[in-house]
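Chain by chain, the residues run as shown.
2 protein chains.
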Amino acid sequence: MPHQSSQSAKNMPMRYFIGVDLGGTNLKVGAVSTKGEVLFRTEAPSDVKGGRGALLKKILNVIEETRHMVKGKRLSGIGLGVPGIVSPETGIIAQSPNLAGWVDFNIKDVLAEKLSWPLYVENDANAFALGEGWTGAAVGIKNFCCLTLGTGVGGGIVLNGSLWHGVDGFAGEIGHIVVEPDGVPCNCGSQGCLERYVSANGLVRMAQEGKDDILAAPLLKGCCGVDGLSAKAIADFARQGDPFCAGLFQKLARYLGIGLADIVNLLNIEMIVVGGGLSNASDLFLSAAREEMLKRSFKVPGHRIKVVPARLGDNGGIIGAAFIAFGKELH
Amino acid sequence: MPHQSSQSAKNMPMRYFIGVDLGGTNLKVGAVSTKGEVLFRTEAPSDVKGGRGALLKKILNVIEETRHMVKGKRLSGIGLGVPGIVSPETGIIAQSPNLAGWVDFNIKDVLAEKLSWPLYVENDANAFALGEGWTGAAVGIKNFCCLTLGTGVGGGIVLNGSLWHGVDGFAGEIGHIVVEPDGVPCNCGSQGCLERYVSANGLVRMAQEGKDDILAAPLLKGCCGVDGLSAKAIADFARQGDPFCAGLFQKLARYLGIGLADIVNLLNIEMIVVGGGLSNASDLFLSAAREEMLKRSFKVPGHRIKVVPARLGDNGGIIGAAFIAFGKELH
Numbered sequence: 357m358p359h360q361s362s363q364s365a366k367n368m369p370m371r372y373f374i375g376v377d378l379g380g381t382n383l384k385v386g387a388v389s390t391k392g393e394v395l396f397r398t399e400a401p402s403d404v405k406g407g408r409g410a411l412l413k414k415i416l417n418v419i420e421e422t423r424h425m426v427k428g429k430r431l432s433g434i435g436l437g438v439p440g441i442v443s444p445e446t447g448i449i450a451q452s453p454n455l456a457g458w459v460d461f462n463i464k465d466v467l468a469e470k471l472s473w474p475l476y477v478e479n480d481a482n483a484f485a486l487g488e489g490w491t492g493a494a495v496g497i498k499n500f501c502c503l504t505l506g507t508g509v510g511g512g513i514v515l516n517g518s519l520w521h522g523v524d525g526f527a528g529e530i531g532h533i534v535v536e537p538d539g540v541p542c543n544c545g546s547q548g549c550l551e552r553y554v555s556a557n558g559l560v561r562m563a564q565e566g567k568d569d570i571l572a573a574p575l576l577k578g579c580c581g582v583d584g585l586s587a588k589a590i591a592d593f594a595r596q597g598d599p600f601c602a603g604l605f606q607k608l609a610r611y612l613g614i615g616l617a618d619i620v621n622l623l624n625i626e627m628i629v630v631g632g633g634l635s636n637a638s639d640l641f642l643s644a645a646r647e648e649m650l651k652r653s654f655k656v657p658g659h660r661i662k663v664v665p666a667r668l669g670d671n672g673g674i675i676g677a678a679f680i681a682f683g684k685e686l687h
Numbered sequence: 357m358p359h360q361s362s363q364s365a366k367n368m369p370m371r372y373f374i375g376v377d378l379g380g381t382n383l384k385v386g387a388v389s390t391k392g393e394v395l396f397r398t399e400a401p402s403d404v405k406g407g408r409g410a411l412l413k414k415i416l417n418v419i420e421e422t423r424h425m426v427k428g429k430r431l432s433g434i435g436l437g438v439p440g441i442v443s444p445e446t447g448i449i450a451q452s453p454n455l456a457g458w459v460d461f462n463i464k465d466v467l468a469e470k471l472s473w474p475l476y477v478e479n480d481a482n483a484f485a486l487g488e489g490w491t492g493a494a495v496g497i498k499n500f501c502c503l504t505l506g507t508g509v510g511g512g513i514v515l516n517g518s519l520w521h522g523v524d525g526f527a528g529e530i531g532h533i534v535v536e537p538d539g540v541p542c543n544c545g546s547q548g549c550l551e552r553y554v555s556a557n558g559l560v561r562m563a564q565e566g567k568d569d570i571l572a573a574p575l576l577k578g579c580c581g582v583d584g585l586s587a588k589a590i591a592d593f594a595r596q597g598d599p600f601c602a603g604l605f606q607k608l609a610r611y612l613g614i615g616l617a618d619i620v621n622l623l624n625i626e627m628i629v630v631g632g633g634l635s636n637a638s639d640l641f642l643s644a645a646r647e648e649m650l651k652r653s654f655k656v657p658g659h660r661i662k663v664v665p666a667r668l669g670d671n672g673g674i675i676g677a678a679f680i681a682f683g684k685e686l687h
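Chains as they are written, first to last, in the numbering used here: chain A, 357 to 687; chain B, 357 to 687.
Be careful, since some hints might not be right.
Any copy will do: because identical chains look the same in the list, a pair fits if it lies in one copy or spans two.
[To be verified] Below are the EDC-like pairs computed for lysine to aspartate or glutamate, each with C-alpha atoms no more than 16 Å apart in a straight line:
{"id": "1", "residue 1": "Lys427", "residue 2": "Glu393"}
{"id": "2", "residue 1": "Lys651", "residue 2": "Asp538"}
{"id": "3", "residue 1": "Lys413", "residue 2": "Asp465"}
{"id": "4", "residue 1": "Lys498", "residue 2": "Glu626"}
{"id": "5", "residue 1": "Lys567", "residue 2": "Asp598"}
{"id": "6", "residue 1": "Lys655", "residue 2": "Asp524"}
{"id": "7", "residue 1": "Lys413", "residue 2": "Glu399"}
{"id": "8", "residue 1": "Lys498", "residue 2": "Asp524"}
{"id": "9", "residue 1": "Lys662", "residue 2": "Asp524"}
{"id": "10", "residue 1": "Lys655", "residue 2": "Asp460"}
{"id": "11", "residue 1": "Lys429", "residue 2": "Glu393"}
What the hints contain is simulated information worked out from the structure, not anything from laboratory work.
Could you build all of it, start to finish, from the sequences and the hints given here?
Here it is as structure tokens:
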């Protein structure tokens with residue numbers, strides 16, 4: 357068996373890792389091989405409103421379910437991506453807009469007590485970045501960042517091949533770069549943050565602000581109503597040629613380009629990976645964002661950087677979380 | 357001689373380094389001890405208009421002058437800070453607003469040919485950051501950045517104790533963070549860059565834009581005229597209570613605060629050092645900038661970061677350039 361790694365000596369089952377991607381809406385869990393293949397995957401609603409205890413129990417249950425579905429391999433560690441600012445060292449959640457009431461909560465200690473495998477926690481966008489770096493769009497790239505454009509915006513920065521956490525674990529908050537100084541108030545306390553424009557929520561808000569234009573827009577008129585608008589509907593209408601909806605994506609692209617230019621001029625990295633639910637509509641905004649970025653960047657770093665859609669889709673968070681468990685063993 | 361380092365064995369003279377701070381206006385050169393003390397210092401106008409050859413000759417002359425002024429010590433290396441984007445590896449200047457015509461010029465090779473000591477080149481703001489880290493405001497700090505607020509804005513980022521150059525040496529262009537998306541056009545090709553508001557030039561421009569208010573301002577009225585305005589005059593008037601001039605510093609502070617918040621939210625570093633000529637007026641804007649930054653940053657990294665004036669003043673560039681020569685030998 358010449359290709360076996362040293363860890364899996366003769367008769368020793370191959371290792372695998374479980375990655376848990378805890379989101380405000382869905383809990384995604386998968387078993388991931390040492391090569392980054394997803395061996396099994398399951399998903400359940402997070403049901404945050406059901407309370408912390410219930411969700412923690414659910415996490416333990418899906419881990420158990422996953423473990424039972426993987427035969428003939430040895431579980432060697434579990435990684436958990438958390439939608440908030442969390443210290444990988446202590447496991448304490450310092451801030452989380454989607455898990456209100458979990459602040460100052462040590463999720464690592466509480467879960468580790470019930471688990472027999474090494475447990476690692478990390479911010480979900482950081483985990484996503486590592487996943488894309490391991491088997492996704494940023495394979496072989498040492499200096500890049502990831503944006504996850506979903507309800508809000510997450511970010512992770514990788515420098516010299518490692519996550520840049522900053523001194524308190526708060527680094528990489530790309531969603532809170534200021535792109536409009538007098539702009540829309542943000543939950544973070546600032547205003548005009550990238551997240552307020554370049555996210556599903558931001559897109560819907562911009563659409564609702566243009567209420568009168570929407571009513572005039574032929575495709576939207578009488579369809580779902582202003583209140584029923586979703587980012588997906590806006591994307592569909594834009595693709596069908598609705599000028600108002602296409603215009604919203606142009607606005608989004610411009611703000612994204614400004615944020616990307618700030619990153620280029622500050623960090624001169626190799627790649628920016630754009631993921632998250634909204635990246636399914638990247639055909640509607642990514643090339644315009646790239647153009648805006650180029651207009652606003654120094655030439656060399658602007659032309660050097662690749663702005664690409666994420667490759668792992670919904671599995672990025674799982675694969676990245678598993679990699680954290682794997683990576684920690686590697687070092 | 358128990359305190360002597362191993363390099364300066366018995367009868368071997370102590371080492372020193374020469375730091376050259378090449379600016380668009382002045383050429384500053386100093387001899388710096390291994391402890392960061394300035395042993396001798398001289399200054400000459402750069403006279404960029406006199407041509408590249410003449411300025412290169414002047415650089416060699418002031419190095420020679422400096423060398424002759426330091427007795428009993430051994431010159432061990434020369435560091436050169438260049439006002440532009442320069443590759444420390446190749447020595448080629450890629451971009452320089454203040455040294456037009458020097459682009460794609462290998463300043464390192466040309467000077468090294470005439471010098472008998474190791475020569476290192478670096479961007480001037482990066483050199484300044486290293487100087488402040490060595491003996492200035494950021495002593496003992498591993499993660500910080502420096503802004504030099506002068507005619508324009510320079511920036512240098514230090515992560516884990518080393519300059520973050522980015523993959524092409526273009527990182528740290530803090531002056532080109534976008535703070536006003538539809539703002540004033542910038543020489544870099546973008547618009548609304550921090551540098552257009554938070555610099556001596558920016559301040560004077562903002563004053564000139566408020567021409568009618570200036571004419572109404574009691575202190576400025578009939579004093580130096582709108583065209584004769586300087587950042588220093590505006591600062592003096594602001595200190596004397598002129599509300600228009602004080603208001604300009606408030607505007608500057610707000611934009612600086614926005615840029616600082618972007619840095620805080622992206623990098624979660626420990627300190628931001630504010631230097632350059634305009635920092636002589638930091639009493640007029642630094643605390644307001646800090647407040648704006650706090651409003652726009654996440655709490656933990658916002659309260660963690662120290663925003664402080666530079667300590668080395670005019671010598672920062674010299675000391676930092678010398679450190680580059682010293683540091684390269686240390687590794």
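These are the hints, each one checked on the structure:
1. Lys427 with Glu393: The answer is within: 15 Å in one copy meets 16 Å, while 67 Å across copies does not.
2. Lys651 with Asp538: between (22 Å within a copy, 13 Å between copies)
3. Lys413 with Asp465: So Lys413 and Asp465 pass the 16 Å test inside one copy only (14 Å; across, 66 Å).
4. Lys498 with Glu626: within (8 Å within a copy, 24 Å between copies)
5. Lys567 with Asp598: Within one copy only: 14 Å inside a chain, 45 Å across chains, cut-off 16 Å.
6. Lys655 with Asp524: between (33 Å within a copy, 11 Å between copies)
7. Lys413 with Glu399: within (14 Å within a copy, 70 Å between copies)
8. Lys498 with Asp524: between (22 Å within a copy, 13 Å between copies)
9. Lys662 with Asp524: between (29 Å within a copy, 14 Å between copies)
10. Lys655 with Asp460: The answer is between: 14 Å across copies meets 16 Å, while 44 Å in one copy does not.
11. Lys429 with Glu393: Only inside one copy: Lys429 and Glu393 sit 13 Å apart there, 62 Å across copies, limit 16 Å.
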